[in-house]
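Asker: Take a look at the letters that make up each chain.
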Amino acid sequence: MKLINRRRRFLRNTLALTGAALVGGCDRLSETDWAPKVLDSATTLSHAAQRVLSRNAMAREYTEADISPVFRPNGSTDPQSSAYRTLAANGFRDYRLEVGGLVAHPLSLSLDALRALPGRTQITRHDCVEGWSVIGQWTGVQLSRVLDLARPVAAARFVVFRCFDVMDDGNEYYESLGFDDAYHPQTILAWALNGQPVPIPNGAPLRLRVERQLGYKMAKYLRRIELVSTFGDIEGGKGGYWEDQGYQWYAGI
Amino acid sequence: MASLPEEAIPAQPAAVDMPSSGTVRRMIYRHTLPLRIMHWINAVCLLILLGSGLQIFNAHPALYWGQRSHFERPWLSLHAQRGPDGQLRGVTQIGSRRFDTTGWFGVSKVAGQPMARGFPAWATIPGPQWLAMGRAWHFFFAWIFVINGVCFVAYALWTRHLTRDLIPTRADWRGIGRSIIEHALLKHPKGEAALRYNVLQRIAYLVVIFVFGGGVVLMGLAMSPRMDSVLGWLVDAVGGRQSARSIHFLFAMGFVAFFLIHIFEVIVTGLGNNLRSIITGRYAITTEVRDEADQ
Chain A
1 MKLINRRRRF LRNTLALTGA ALVGGCDRLS ETDWAPKVLD SATTLSHAAQ RVLSRNAMAR
61 EYTEADISPV FRPNGSTDPQ SSAYRTLAAN GFRDYRLEVG GLVAHPLSLS LDALRALPGR
121 TQITRHDCVE GWSVIGQWTG VQLSRVLDLA RPVAAARFVV FRCFDVMDDG NEYYESLGFD
181 DAYHPQTILA WALNGQPVPI PNGAPLRLRV ERQLGYKMAK YLRRIELVST FGDIEGGKGG
241 YWEDQGYQWY AGI
Chain B
1 MASLPEEAIP AQPAAVDMPS SGTVRRMIYR HTLPLRIMHW INAVCLLILL GSGLQIFNAH
61 PALYWGQRSH FERPWLSLHA QRGPDGQLRG VTQIGSRRFD TTGWFGVSKV AGQPMARGFP
121 AWATIPGPQW LAMGRAWHFF FAWIFVINGV CFVAYALWTR HLTRDLIPTR ADWRGIGRSI
181 IEHALLKHPK GEAALRYNVL QRIAYLVVIF VFGGGVVLMG LAMSPRMDSV LGWLVDAVGG
241 RQSARSIHFL FAMGFVAFFL IHIFEVIVTG LGNNLRSIIT GRYAITTEVR DEADQ
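Going down the list, the sequences are from chains A and B. No gaps in the numbering here: position 116 of the first sequence is 116 in the numbering used here, and each next residue is one more. No gaps in the numbering here: position 65 of the second sequence is 65 in the numbering used here, and each next residue is one more.
Since the hints were made in silico from the structure, they are not lab data. Remember, it's a predicted structure, so these values are computed and weren't measured experimentally. Glycine included, each C-beta is placed from N, C-alpha and C at the ideal position. Careful, some of the hints might be misleading.
Covered stretches of chain B (chain A as the covering partner; in silico rule of three or more C-beta atoms under 8 Å from a C-beta of chain A) [stated by the list, open to error]:
1) 41 to 51
2) 138 to 146
3) 222 to 228
Chain A extracted, bound-state conformation:
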């Protein structure tokens, strides 16, 4: 009986200690400088493996019957900057998308100019990093066509997207893509959702769609596209607003 009690106590203590050590240990490691870097090395591996396995494959496209009744917005849903409010008040007639940085031909494109370019319509699934999915129909111009017009110079390696929305911490939203995703046929600058101009909660007047990555890569309220050789000197240096908060730059998983 005594032995059983002792064993029971031993087991209970072991379980409690293991649990506490595991959760407590993981918590403490999460706060160090080095452990998250080690953990994130797995994302580099995932990116490399997924690039080899899926190359330029197309994201699944759905039918109209699959479209979500409401395309759930997340993050910013109503930017308050005066520049954005002014544009919105005028139905975005004065909107211009600036394309600059390491390009031979900087551009300033109105919505009409963007709509005049060959378009693409796709019904795709939007996966939020939180875990939920919605399906919507997006219409826009392939980013590759805009880049072809701007002609990136040889030193350019990343496409950075600057946005109108200012986050709670006072920083502007931004994102970045490598050229493989930037030139993917389904990567578009979308001006229409489900056949209507993109609503403000979903990123009016123009948002990015990168169909093989998670929602936070798909910058809304696009203001300016910049080609750069490195994003290390932009904002927090991690290539995006959420990346600066610790999220992975590669969001294909």
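Keeping the supplied structure of chain A fixed, place chain B upon it in accordance with the hints.
Answerer: Leaving out everything else, chain B in the frame of chain A:
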């Protein structure tokens, strides 16, 4: 009567080596070093994958069937609701049934304060709500889990551990009824018979390795938007990405169920002996010996 302190108990004759009442204890080398190492790597991976997985789940603590989220009808949801008294109540909704699970699911205390969260902080890695860090832990240990799993299967095939010890024999299948009864009565084989895995054990190990293990990895991949560009057939086969997320969760719960049964069996069949055998490889069996003097 006050119990004696441990040191005061008179020394017993060493039962390990001395045959008493016609039995002898022998040490058998049971688990090879590679298997022991892989077992413990797997154990650490599963615990961290579970904790970090629950952390990721907590970012949107609801599950759906289909390609997309039908937000109005999750089949499982752990959410918070403010009661008439103004207090937060944790609600677990399964289908249309609702249960008050305050303190466990939906609402639990973080630093003494009731908070809306799916699974409680003590079960998630990291403890506080921190999705980005949960993902970092999850994907790192997912790679180790997969590599370790592939090594295990290769090793089990190479050494015939799989065919010899894990796949039930015809005799095993015939004895399945008896084995179920024995398990229900907590009667476990002793002596030499304890050295070979019984049929329920074999089935459980095979299901856990190939169905849960293989399934949880495939369903994880089916949630990756990048992998979906080449795994569309798999996503569709299970009914969609949100179904894949649900099944991934259910496989994880399958691992939890296996873990609880595994720990239970480890305890009832001799905690010390089992622990020693999975750490050092040495497993003690007790066999009957015919005492010459009895003749």
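Asker: A separate judgement is required for each hint: does it hold in the structure or not?
Answerer: Hint check results:
no., hint, in the structure
1, 41 to 51, "holds (count 3)"
2, 138 to 146, "holds (count 4)"
3, 222 to 228, "holds (count 6)"
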